[in-house]
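Number of protein chains: 2
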Amino acid sequence: MKFESDAKVAEKIKKIGDRVVADIFGGNAPEVTLPVRAASNVHYNKEEGLLYLGNSISSRNFLNFAHTRKFMQTMLIAAKCRELLEKGKTASIRELYYELKHNIQGTKENTFEGQDESDPLIEDLETMTDSLREELHLKADSSGILFGKLVIEDMGDRIDCSKLGKSGLAIPSIVDDYKFLECDADYVLVVETKAMVDRLVEEKYHLNNNAILVGLGGQAARGARRLVKLLNERLKLPVYVFTDGDPWGYYIYSVVKTGSMNLAYESKRLATPQCRFLGMTMADIDKYGLQKVTEKLKDVDKKRVNQLLKYEWFNKPQWIKELKSMLSKGARIEQQALASKSLEFVAKEYLPGKIARKEFID
Amino acid sequence: MKFESDAKVAEKIKKIGDRVVADIFGGNAPEVTLPVRAASNVHYNKEEGLLYLGNSISSRNFLNFAHTRKFMQTMLIAAKCRELLEKGKTASIRELYYELKHNIQGTKENTFEGQDESDPLIEDLETMTDSLREELHLKADSSGILFGKLVIEDMGDRIDCSKLGKSGLAIPSIVDDYKFLECDADYVLVVETKAMVDRLVEEKYHLNNNAILVGLGGQAARGARRLVKLLNERLKLPVYVFTDGDPWGYYIYSVVKTGSMNLAYESKRLATPQCRFLGMTMADIDKYGLQKVTEKLKDVDKKRVNQLLKYEWFNKPQWIKELKSMLSKGARIEQQALASKSLEFVAKEYLPGKIARKEFID
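Listed in order, the protein sequences are those of chains A and B. Read the first sequence against this note's numbering and you will find it ends at 362, with the numbers running on by one and no gaps. Read the second sequence against this note's numbering and you will find it ends at 362, with the numbers running on by one and no gaps.
Fair warning: there could be bad hints in the mix.
If several chains are the same, the list does not tell them apart, and a pair holds so long as it fits within one copy or across any two.
[To be verified] Here are the simulated DMTMM-like pairs of lysine to aspartate or glutamate, each with C-alpha atoms no more than 20 Å apart in a straight line:
1. K292 with D362
2. K316 with D116
3. K108 with D301
4. K89 with D154
5. K163 with E153
Hints are computed from structural coordinates only; laboratory data are not their basis. Quick caveat, the model's predicted, so the values are computed rather than measured.
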């Protein structure tokens, strides 16, 4: 697989190595510097609506005994990623770990003892090179499903996503190489559960409403987030997010929109600040008479609502109202609870009505 | 959606209702009978290589106060399934719960308080009608992915699964209506992890080796199990299963081959007794020099190995040897550990070699 960015990313990795070599020949302790990836260094940029890493920098020095092992590991990972880039290969982060795990000659020490040692260093390399791991040719776990009037070119194959029956396209972890050949869709509907996507497909919602359906199956995988971003950016499609009416669903929305705390350094390329929240809302419960099919808010749910209330990116009048209403009702509501009206209700009334009336939360 | 079995299944449900009506008009307590679904009533049929339910029968009597609520719920679920069958609709088991959850007129009682009340009764209805839940038009969670030289007709769409790039077809929960239009594959390779499928697709394994790849993503979902069964039954394709070399991987294999304890009543339609286990095996560790990339067997792993040793369907010389070897080595090995040889190794040497030499465990 080849990306346009390959040569650029390989060059960035080479520069890290060049500096280390220069340090060695200059008689200095080899060192690399990288942004701090801790919550204390995560900032919300209100204008852009994105989470970013701040300016705190840390360094890793080979001759500092506390850094030596990590330094060695960082070099191994950087070298392997450059090799992947040059060979046009990709690897899962687990494969990378196994590829690099070996005995250090003349010692009883292994290069890596577990994937928990290699994963954070991959994130380090991402921030050091200002690249997504996918641009380093590394893959995370994939999940997500797509349906709609969209024709994609993937590895030379032409895939018409409106002709995939009720099965759909599995969204891979790397989608940067997708070419969007044709698109006859008016918007992207991002849906929390795959079961709800099944429902919409059975009702031919995507075909009747010119919608691209992206099913997440819970928290959005990186591939699905990147794909939504690309659909918004390249095809200028509006994006609506449809989750359960609970703090977990709202956080899924905020990750798609704003980015995640853990991966704040990647928001710029994974998040879609233009996306809008469609439902389920607390107002839906009264409006559609769903009182009997709500679930009681548990303590863990309440705790999470209170956390969201503290996040700067939920600090907007509509969201505060929504979250406080959830606490005062003591209830949450699932997407699939709409089935209590009728199986067709979500496709025939709920979604088209909300979209026509532009009933969104931003 | 319509299946050939629809009328037959609807008729079976009607008969249950007919009997209840006859009971009522005959002045008898309404009653339904059903097979006991407990481990004590699960038997391994050695000749067929399948798990079956035994002959123990229980009854549910409306006038027995302990049964009344369940009896009412059973009737609600049966009636709704018949309605789905007649309308040609399908519903997720969660939607079914929400569709049926309502207040009982004149009382403070709800028909259902949680999905944990409706799910077991769906299984009851499956055994009572000797039907898969998919034949009752109910859907479980789907997961799984497919690639290969196979053309499927799904809801009128013609899907060429060899032309889906690196994305692949998402396997839905209902596959009974798939029509296999063309097949140029020699065998089905069932793979535990999706990441390994990604690897094989990157190496074009499916195209170069005429293989249909089915990625499970952990324990096999019902849709994936049923699909493998249909590929074996209708297209007469041999099925090889490729999992991690640990008790969890071996159990995934046994569920695909023999059926699961929980769903023993469905083995006949979900399990593929002809399938064969390809790897990873304990012998692989020495043969391919993978000692450095094994993981230590934890207590929970050891306990699970000892459980498998007690299952009748693992009571075969090769499996006993394999499981005991795992205990004596104190090690397990993952599919992706093969990356320590090289990324291409699994596709270029490991799999083709094993298949050519017919190195299987039955």
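*Between copies, within a copy, both or neither: which fits K89 and D154 at Cα up to 20 Å?*
within (16 Å within a copy, 33 Å between copies)
_Intra/inter-copy verdict for K108 and D301 if alpha-carbon distance must be at most 20 Å_ = neither (47 Å within a copy, 26 Å between copies)
*From the Cα coordinates, with 20 Å as the cut-off, is the pair K292 and D362 best called within, between, both, or neither?*
For K292 and D362, the Cα distance exceeds 20 Å both inside one copy (28 Å) and across copies (51 Å).
*asked:* Treating 20 Å as the Cα threshold, decide for K316 and D116: within, between, both or neither.
replied: Classified as neither: same-chain Cα gap 37 Å, cross-chain 37 Å, threshold 20 Å.
*With 20 Å as the alpha-carbon cut-off, assign the pair K163 and E153 to within, between, both or neither.*
both (14 Å within a copy, 10 Å between copies)
Checked against the numbered hints above, the structure breaks hints 1, 2 and 3 and satisfies the rest.
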